[in-house]
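K.L.:
Start from chain B and add chain Z according to the hints.
Protein chains: 2
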Amino acid sequence: MALNEITACAAATAVREGSITSEALVEACVERISAREKVVHAWVDFDGDHALAQARAADLALARGEDCGLLHGVPVGLKDIIDTFDLPTQSGSRLFSGRRPAQDGASAAMLREAGAVILGKSVTTEFALTHARGTTNPHDPTRTPGGSSSGSAAAVADFMVPLAVGSQTGGSVIRPASFCGTYGYKPTYGSISRRGVLILSRYLDHLGLYGRALADLAVIGDVLMRHDPNDFDMRFRPGCALTEVMDEPKTDKPPKVAFVKGPAWAHAEDHMPPVFDAYVESLGGIVQEVELGGIFDHALDAQATIMNASLWANLGALSEQHPEAIEDETRARIAAGRDIRAAEYIRATELADFLGRALAGLFENYDALITAAAPGEAPKGLDRTGDAAFQRIWTLTGLPTLTLPLLQGPNALPIGVQLIGPKGGDANLFRAARWLDRAVC
Amino acid sequence: MALNEITACAAATAVREGSITSEALVEACVERISAREKVVHAWVDFDGDHALAQARAADLALARGEDCGLLHGVPVGLKDIIDTFDLPTQSGSRLFSGRRPAQDGASAAMLREAGAVILGKSVTTEFALTHARGTTNPHDPTRTPGGSSSGSAAAVADFMVPLAVGSQTGGSVIRPASFCGTYGYKPTYGSISRRGVLILSRYLDHLGLYGRALADLAVIGDVLMRHDPNDFDMRFRPGCALTEVMDEPKTDKPPKVAFVKGPAWAHAEDHMPPVFDAYVESLGGIVQEVELGGIFDHALDAQATIMNASLWANLGALSEQHPEAIEDETRARIAAGRDIRAAEYIRATELADFLGRALAGLFENYDALITAAAPGEAPKGLDRTGDAAFQRIWTLTGLPTLTLPLLQGPNALPIGVQLIGPKGGDANLFRAARWLDRAVC
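Line by line, the protein sequences are chains B and Z. Mapping the first sequence onto the working numbering, position 145 (from 1) lands on 145, and the numbers just tick up by one. Mapping the second sequence onto the working numbering, position 194 (from 1) lands on 194, and the numbers just tick up by one.
It should be emphasised that the hints constitute simulated quantities derived from the structure, not laboratory data. Incorrect hints may have been included.
Cβ-to-Cβ under 8 Å is the rule here; a few derived chain B residues that face chain Z [as the list claims (entries may be wrong)]: (1) Ala61; (2) Arg64; (3) Trp312; (4) Gly316; (5) Ala343; (6) Glu344; (7) Ile346; (8) Arg347.
Keep in mind the model is a prediction, meaning the values are calculated, not measured. By construction, the Cβ of each residue, glycine as well, lies at the ideal position given by its N, Cα and C atoms.
Just chain B, with the same shape it has in the complex (with noise of 0.2 Å):
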């Protein structure tokens, strides 16, 4: 296997025992990069030199007994709303051009913490909305790859970086992990600080994870689930380290599963349900279809009003402002929220307090929720980065969400499993996913 091949689990281990170097690494993931940017378009700023002066770094670190942690000379890339203080940071905007922030976000900051090269700046959607910057679906060049976090999705999936951070307030970090077919991973609401990374709605807006192996996902969610004071929402602190989790002994106790549909399902494409509804039955007894009531028929509409509402208010003066250098898409996206009322940005943020009681108690008889992780295979064309509908209730509610790529459609593309977890206990969904993901294996 290609060095740029191995997940990040492999790569950590292999730099610390002196296997191989972080250079050596580095190098793999740049060449792979080389060959395959002009096609897949994931990064935004790529700087190569740079990378392998951070592996040059890290290797020498090491050869003086310096190991600086979990993810010790491995590089991950960064979606390019968060900040870091040697790459410009532009949101996917011509505003930003350039931008030079004076520090790194919080999340940079803890990945160099724990040793890990910060390879580039992957490509985002303008502002992490809808108007797509051109990365292609690496399965097939004419796809999306999914959006906003469409370079961080695409370059995990081509093998130009094991690991890479992106970003949820609708269903940006989810449905490109289903669409490129990797593991993709949106922790529970205030459990990665957001400190340094655009702001499009605090109360939507998580940071979460791609990875080719879901063990990677454990190691950089266990480097980047720290509290922070200076994200004023964060809340859950797991107290499990979920590489704990993985390191447990094998069992053949399975999760007891709930497959839900709800409001989402009518946003599936006709080859998406047979699909999903073969791999539930190859599931046997645990799973069960249960449905969600009829509150969640608002859901969507919720999160659309709170979202649509803090778009306004966190860039509206912007976009009035600079009309020239934010594309038409854009503006009217943003707009799309002045008017709405504060009370009815009230009742929303109360629907949703309203749906996490009741999926708590759902909770109180399955160890996880599964449903589809997107309306189906990748849809053609560039322009449109796909439905959210799949991921928004999962945002809106700030449930932790895992989707593993197990299944294909009828064009041989990903279509991912997500699974859904009580809100703080990302453990045992990592534990309900492992069991899934051997089961598949």
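P.N.:
Below, chain Z without anything else, positioned relative to chain B:
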């Protein structure tokens, strides 16, 4: 001292030791109410026989060897926005005349569990807003007792009951305490469950407490500050029992106190600053005056935005559907937030977070902040309940506040000294308050 005049702590001890009965205690309160209610108008639903029946039940339980808890046999008044299964709950509104909830609100239930006798429901302004319902200030019946917890404060001040529960969305706990000369306590936001309480604003609503001694507030605080998953906004669990703080050995080490004026000071009546300045001077070197930064100039507007938007969200439909049953003043108050945009609301909540962070920084150098609890003595007239400017910043930011009835104005009417602690730092706030309380006594 007449039994209706003793503190809750003294009463609880005497009942437990058998030196008095709960019946005798409650009878003294009932007699006081009979004698004074025509002047004070503190109670909306008061049934002396029902209170005495509860007291006799408490005495019988003790005789059987059952001690329910910290407030066994001690009477408590509840603001009439807190549901009780055995007494109507009308929220000061004709619309809810005679309304009988099916079950107790969380605080009523916790008080009963701790052995308390629910003496009755105390007068609130209509919907806990500004329209007064006739309660007078026990020190001068031509003056307001403050509001909206008018009856709770007046009843405690007038020796009708040793303890009462009120609520604060703007300034409705601390201001009436200052005007009536009682101790008042608004715990950290999220410390007392609001299940079964009229909702004005989930963001701002706090339950709060009245007593005639600091130690009494500690006792009822320990009874009520317990987690309840049914109040979605509960967060802090103090962990340190306030009663233990009150029992700590005396210390000669004074707290470090910052005297803050802030934007409320512009609302002071002419007679208050000289009184307060003299008090601060009397404390000597333990107090330093500290200026709140310019960002605090927006605090009152932000609190108004959140409160008004929430009032419309929570009471707008009711107000529109029943114009005949709601006072014009109240309907106008509710309608004030109808046109507030969601983006304004979001920015107001974000400002609150920044204010909270600025205040948290202050507590690195000071144990408590000190400021006036009200603009001055209770104003003349019963139509208005006074100006909430001195409480609204602390309601907005969710910090715990206490008022101590230590000062008097030119008419020999009370003015409270308001102490503010860090979020979740209620125990330390009581430590500082105990020192200042003894410093004067």
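K.L.:
So which of the earlier hints does this model not fit?
P.N.:
The structure breaks hints 1, 2; every other hint is satisfied.
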